[in-house]
Each structure stands twice: as structure tokens, then as C-alpha cells.
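Student: One-letter residues, chain by chain:
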Amino acid sequence: MARQERRKRYLIKTGFQLRYLRLVLIAIILPTILFSACLYYAIFSLMADQLGLPESIAYNITPVLNKVNFALLVGLPVISTTLLFWGLLISHRIAGPIYRLEQDLDKIAKGDLPLRIKLRRKDELGSIAEGINKVLDKIEAKPKQG
Amino acid sequence: MRNPRRFYILVSLTALCVVSLMTVTLGFSLPKWFPFSSERSLYEWEDKIFRGKVIYTIEKSGQEGCLHALSIGSASAIFYRIKDRYKAEDYPMISWKWRVVKFPDKEKLRLRQGIEKDDYAARIYMIFPSINFMASKALEYVWDETVPVETVCASPYSKNIKLVVLESGLGKPGQWVAEERNIFEDYRRAFGINPKLKVGAIALMSDADNTQDVSEAYFGDIRIGYKKER
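Which chain is which? The protein sequence lines are A and B, in order. Using the numbering used here, you'd call the opening residue of the first sequence number 1062 and step up by one each time. Using the numbering used here, you'd call the opening residue of the second sequence number 2 and step up by one each time.
It should be emphasised that the hints constitute simulated quantities derived from the structure, not laboratory data.
No farther apart than 30 Å at their CA atoms in a straight line, the calculated lysine-lysine pairs in the DSS-like style are these:
{"hint": "1", "chain 1": "A", "residue 1": "Lys1128", "chain 2": "B", "residue 2": "Lys54"}
{"hint": "2", "chain 1": "B", "residue 1": "Lys197", "chain 2": "A", "residue 2": "Lys1128"}
{"hint": "3", "chain 1": "B", "residue 1": "Lys160", "chain 2": "A", "residue 2": "Lys1128"}
Whole structure, please, built from the sequences with the hints as guidance.
Tutor: Below is the structure:
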């Protein structure tokens, strides 16, 4: 059984992966801001409006708001980091195979026809590699038939 | 005019515009006067309960009346929302009469601090609401039993609430005390800056929730939103 090579670098195609991570970050931050703004407006403003008295607002809402802010302050970085790391892994599973395909196709184009593209089990683009390998098999089989 | 129909439409539209303009202009006018002469006087005021309900009733003597506030270990206010908020700088004055009958006994809370001592026999709030309610400001005129007159301090609840002590001690028992304040100047003195927010509400309260005692006060007619006549 062939030993699968373990990729040590997580940023293989830096431009593509950073664009992907940026999108992940925006997808985390923008809905959070929008949701928080709506929540603040709907709940807290309504409550503040109902309570009316400044002391009542300070006594009843401020502690709750501080707890919510603390939860966001602690939770958001943890969630963001986790999601970003997850995004990095997913982008790595796309960028890795692209890099591998580019390298191997370059070698094949230079005449290394027996070479077959091998991707890791969890990598994306496996079906494309499989298709290319089948084409290569057919190309290699043709001269023997002649 | 050649076309009488067109003339009538023009007149009707002009009249509609004038009526609309008058409605907008006369909908809220300053100065605003709050008389406490009948039960109807409180229709526009909302109850805002903090801890338990203070009993607010109109007491009449002849044509005149006043608001009686009785707190038995409770804290709630009556609150008037000003629909057309105004700049304190433009209409800075407020005047009213008040009378305290019973102060909450703070002696038993002598060793305590902060919100546990925040009971006053009579207070009047001028509230400057903000869309971000955390940034709303309030100026409170209070009548305390011991704190010296003209003391300005922050509320133990929030630095956005400043208290101005206007009266101290019972004074002449049973006598009304008339007040007239410039809220713009008091705001500047209390917060150190000019008010950026407009005056959006006024509230009255007598509370004794922290002391779990009884406080009792009377408020006379209030007038807000006018300039000092020179």
C-alpha cells in the first residue's frame, strides 16, 4: 500500500486560500453584526423604552447587556478562530489537489506518461484526478494495440 | 379664471396645505404646562415601575390641585414622553412647586453605600433619550433630608444620571417651595458639556424602596420649555 504523503504546509495556494478565508471571515462577521444590531434594537430598545426610568434601565438592562457583550467578546473570537481554522482545512483540501494536479500534469506534459495522479482520501477533486488517470491509461494502452 | 373647476381644486389644495401646516405647527407647542387639577391630568402620564408601585393621586382644593405621591417601600414614577423633543439650549427653563411631608429614613442605611442609599422623597427627572439607550442622559432634581443644597453628584446606577440637590431638610413644614431651573446650565454643570441630546421625557418620583420606609411628597403644576423672561 502506497504511503500517502502528508502535506506540511497549510497555505499552498496562498492567493486562493486567503480569498476563501476572507469570505469565511466576512460570512462570520457581517451576519453577527446585523443580527446583534437587530437584537439590540428589538429587545433592548424596546425594554428601555418600556422601562423609561434611567435608574430602571441601568439596573435591569445594563447588567444583562454587559453579560451579552462579555459572551460576544469571549465567544466571537473562539467561534471565529474555529471557523477560520475549519475554513483553512477545507481550502487546503481544494488547494492541495489543485497544486498536485498542476505539478503532475506538468510532469506528464513533459513525457512522464506512466505517472498517475494520487490524491489523499479526503481531498476534493478526486473524480477529476480519477478521470485524468483513466485518460492516461487509455493513452498508454493505445500503442500496445497498434 | 376661465376654468372654475381648476380654481376650486387649487383652493382646496391650498387649504389642505395650510391645515396640514397648522396641525404640524400647533401639535406640540412650548412652553408645555402640566396642571394637576383633575384626574384627567394624569391621562398622558405613564406609570414606570422600578420596585413596587408608588401611589400617585390628584388632590384637589377648590379650582387648584396637586399630585400626591406616597411610597411605602416602593419605587415607581410617572413618566411623560415628549413627542416633539426640543433642545434644552433653546427652551431651557423648568418650574414647579413641591412639598415633602415624609422623608425615607436613611439612618438605618447609614453604613451602606451606593444604590442602597438612593431614596429621595421627591425627584423630578429631565430625560435626554438617545437611540442608543445606553447613551441616554438624565438630570434629576431631588429633595433630600441631609445632603446639602446645590450638591451635584452621579447616580449610583449610572454615570449618565446626575442628581442636583435643590432642597435639603423639611424646611418650613407644610409649605410649598417653588423652583425654577435652567436645565441647560444645570446639565453643563453636572456633565461638564453641553447637552447633545434633546429633552425627550419628564418624570416625577418619590421612592423608599431601598430604605423600605415611607416617603411622601406633593408636586404642583409644572411648566417646561420656556425662556427666562428678562
